[in-house]
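Chemist: Starting from the structure of chain D, add chain Z where the hints point.
There are 2 protein chains.
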Amino acid sequence: MVKPKLHQIDFLKSALTDDSPISPSDSIDAWLSDRRSSVKAFVEKIPLRSLRRWQSDPKTGNLAHETGGFFSIVGIHVSTNYGAINEWSQPIINQPEVGYLGFIAKEFGGILHLLVQAKIEPGNVNIVQLSPTLQATKSNYNQIHGGNKPRYIEYFNGTIPTKILVDQLQSEQGARFLKKRNRNIVVQVSSHEEVPITDDFRWLTIGQLKKLLTKDGVVNMDSRTVLACIGYGDYNDESIRLIHRLAPRSTNGKLVIESALNNERGEVDLSFILSWISGLKSKYELEITKIPLYDVRDWIVGDDTIQRKDCKYFNVIGVSTQIANREVISWDQPMIEPAQEGLVAFLVKPVNLVLHFLVQAKLEPGNLDILELAPTVQCLTGNYRTGHSEYSVPFVNEVLNSKKQLIMFDSKQSEEGGRFFREMNRSMIVLVDDNFEIGPYDNFCWMTLNQMYHLVEFNNYLNISARSLIACIPFN
Amino acid sequence: MVKPKLHQIDFLKSALTDDSPISPSDSIDAWLSDRRSSVKAFVEKIPLRSLRRWQSDPKTGNLAHETGGFFSIVGIHVSTNYGAINEWSQPIINQPEVGYLGFIAKEFGGILHLLVQAKIEPGNVNIVQLSPTLQATKSNYNQIHGGNKPRYIEYFNGTIPTKILVDQLQSEQGARFLKKRNRNIVVQVSSHEEVPITDDFRWLTIGQLKKLLTKDGVVNMDSRTVLACIGYGDYNDESIRLIHRLAPRSTNGKLVIESALNNERGEVDLSFILSWISGLKSKYELEITKIPLYDVRDWIVGDDTIQRKDCKYFNVIGVSTQIANREVISWDQPMIEPAQEGLVAFLVKPVNLVLHFLVQAKLEPGNLDILELAPTVQCLTGNYRTGHSEYSVPFVNEVLNSKKQLIMFDSKQSEEGGRFFREMNRSMIVLVDDNFEIGPYDNFCWMTLNQMYHLVEFNNYLNISARSLIACIPFN
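Going down the list, the sequences are from chains D and Z.
Under our numbering, the residue at position 57 of the first sequence is numbered 69, and the numbers go up by one with no gaps.
Under our numbering, the residue at position 147 of the second sequence is numbered 159, and the numbers go up by one with no gaps.
Do not rely on the hints blindly, as some may be mistaken.
Identical copies look the same in the list; a pair holds intra-copy or inter-copy alike.
Derived DSSO-like pairs: lysine-lysine, alpha-carbon spacing no greater than 30 Å straight-line [to be verified]:
(1) Lys-191 x Lys-302
(2) Lys-175 x Lys-293
(3) Lys-175 x Lys-52
(4) Lys-191 x Lys-295
(5) Lys-266 x Lys-227
(6) Lys-175 x Lys-361
Calculated directly from the structure, the hints in this document are not laboratory data.
Isolated chain D, as found in the complex (with noise of 0.2 Å):
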């Protein structure tokens, strides 16, 4: 007697739906590259002493705006009981506000369309990818910049009435975010609202957007943490029906829906899955302390960057940016840009017909609380090499060692374009025999997508690595 959650079997819809009359999917190559060439957009990489309004404070060497607004980068000290490393000290970016990642949900036709944004941000690798309609800090949307108000913010902050289909608080990345969160929003307007829409904007379904996503760097960081966030509801009547209606084509498509919408014939159930990390997290201790950025050890707080010694991990840069249709014009900022291409990847197995997903709980300096779950791997490519890393990473030769027909899904998919410079992660999907064994690790355990939906459903249990590659999971 669990009270339905109506707009569950809207989503599952939505996801089964991969073309739209009002968007067909034949055009929207060409929309994007009309988009793309419609814009002129200079990004340039300049010292960070040469950031305009951005100061780099003398006693501490960290760098902040002179409003205090948008972010500071900081220096911290990390010490924990997790992992071969248990001491250091790196540059971070600190930004308590919390943003929001918002999509205006809209039905056309009977199906749930999501209108998204070709959004220019100077990190992009195509500089216009499709964001969620509204993507704001606290700073933008309180206008602290002096810069336009979002649009559709009053969508979301309770001006114009809507109904509140998903809203919760997700971690950033927690290498290199200290404790931030964005407020992952989905509300929908009736189908008799209008929304006024400009050229840059487009309603489209969940399967459209899931589709764009098996290409490269077509859909954005923000808008795949919003889509991971949407769960699609256990198995009941209404699910089955529609499944059988809008059946997936492929077997993989069969095996990942059943996977969605079941809890039922998983290895374990949601509350050994707590248990596990509560285990986990009453094991292992992470204490952070704010230093000054120029005591950070093994890192050179330089003119025109901040880097390590041993060129590993990441270098912050300075970015002066010039864009036509943003709310600023012209701005400078740091950003962070990798050191290597990263690599994310999910190991799959079949149990009972159901995939399970091999989810690692992870420690990283910047989590609110201690772990998250990430895909089973997740690194930068330059640290899992032997010899040439302080440390292993398990399970990355079982993904990049795999069989070209037990690959579901690769992509390369780009991190948030407002602060990463250029950061592409390789996004795996691969199968394993279902007899695969874990091994020695007591931080790993094979769970559904539907396990994964429910714990998503509450702050701050999958990271964003885990959120972005289940959100590019095809139903079809």
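Modeler: Positioned in the frame of chain D, the structure of chain Z alone reads:
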């Protein structure tokens, strides 16, 4: 098709059973008196500077055990945009370790019983109160103080195989502890397994514990928080049959059971509640910095005690204890002594015959995640008298001026006797009209018991006062 949690119906059966052939209810008073008289406990206030094995850091004033174990008293600086006072500093208990609070459960005659201990704690008003089977800090079970290994630890650490029924990390007092959590756990052994017990242990049903909770200071805080983590499931065929058979006799009991099992006829569904919490966590900020105890404003760090200049809130005092049946016979420690008795209370109203609780989202400085859900009223009695306080407490008059026949629950319950010195809170549940309005406050929301049980499955949603109070609610 959600996998039913089989143990939830066992919990419900146990909660509806308030006597037991193996521990008759009318024998419990005599047993407790016997336990109280069989041990010699000598508890004495002494100056902080006289505490054996505790040291005050000459530079910071912070108070710590010479081993670095147990806990320490440190200072914090708090800044927030929540409430009337936006900046203050205070002493706080720093105990980053996660302890165990655990019950062993076993069926006798088909009814689940929990193994309780008549446990002596220095801070207890009645010296002996009923505690969980295991109550151990990491220092305890790692034997930092060289005492005996805690009894029954092997049922909780995997040495003896058990079925885990409950396993959650839950917060302690957010005004007194800095981000402290304990692992609240219930493990079941088979009804054939012989668990050796001594005179200070007894098997009781949940219904028996709930009956004892109507008395002052019998069941300790640690028992209450674990009891609160026990959910009773949603209405299903089996629970309907069970309630029909073991039907609560009173009107109040019926209202409570409906609220415990029902998430359907509520005013708001769980996704609304989660959205309400996301909104508040986005709005309110909490910045905590550890500072030396000597730098805490308005507090006097003395040789005898640490206390506020105006004597408000609490004092840190020294206590010397000699006890016969504990791991360590004699020890000294700092404790928290409250400035006044406290009040915790829920206002409740029936909505479509289902009891709804008026829940407060409350910011406390030690919270891991800004806000946790608290009772309608949670305060020290001295702090709400008009003209005597810097702030007013909403709904306190409705609680204290209620008609007698509308008071559903009223008893005095102890705070944790290992850290808090003779601290009692008056714990009340008070009925209001079903047209009672929240008024201008955005941080209050009506919800059913069932909805609270769903939230408490996940960490850091309900604070310890709310958990303590929902544990007290009798089902009969």
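Chemist: For every hint, state whether the structure bears it out.
Modeler: Now for the hints, and whether the structure bears them out:
For the identical chains of this complex, Lys-191 and Lys-302 are neighbours both inside a copy (12 Å) and across copies (17 Å), given an alpha-carbon limit of 30 Å. Taking CA atoms no more than 30 Å apart as the test, Lys-175 paired with Lys-293 passes between copies only; the shortest distance there is 20 Å, against 35 Å inside one copy. In this homomeric assembly, Lys-175 and Lys-52 never come within 30 Å of each other (Cα to Cα): the closest approach is 37 Å inside a single copy and 62 Å across copies. Proximity of Lys-191 and Lys-295 under a CA criterion of 30 Å is satisfied in both settings, with 21 Å inside one chain copy and 16 Å between copies.
Taking the shortest alpha-carbon separations for Lys-266 and Lys-227, only the intra-copy value of 21 Å comes in at or below 30 Å, while the best inter-copy value is 57 Å. Proximity of Lys-175 to Lys-361 under the C-alpha cut-off of 30 Å is restricted to the inter-copy arrangement: shortest distance 26 Å between copies versus 37 Å within a copy.
In the structure shown, a violation is registered for the earlier hint numbered 3 alone.
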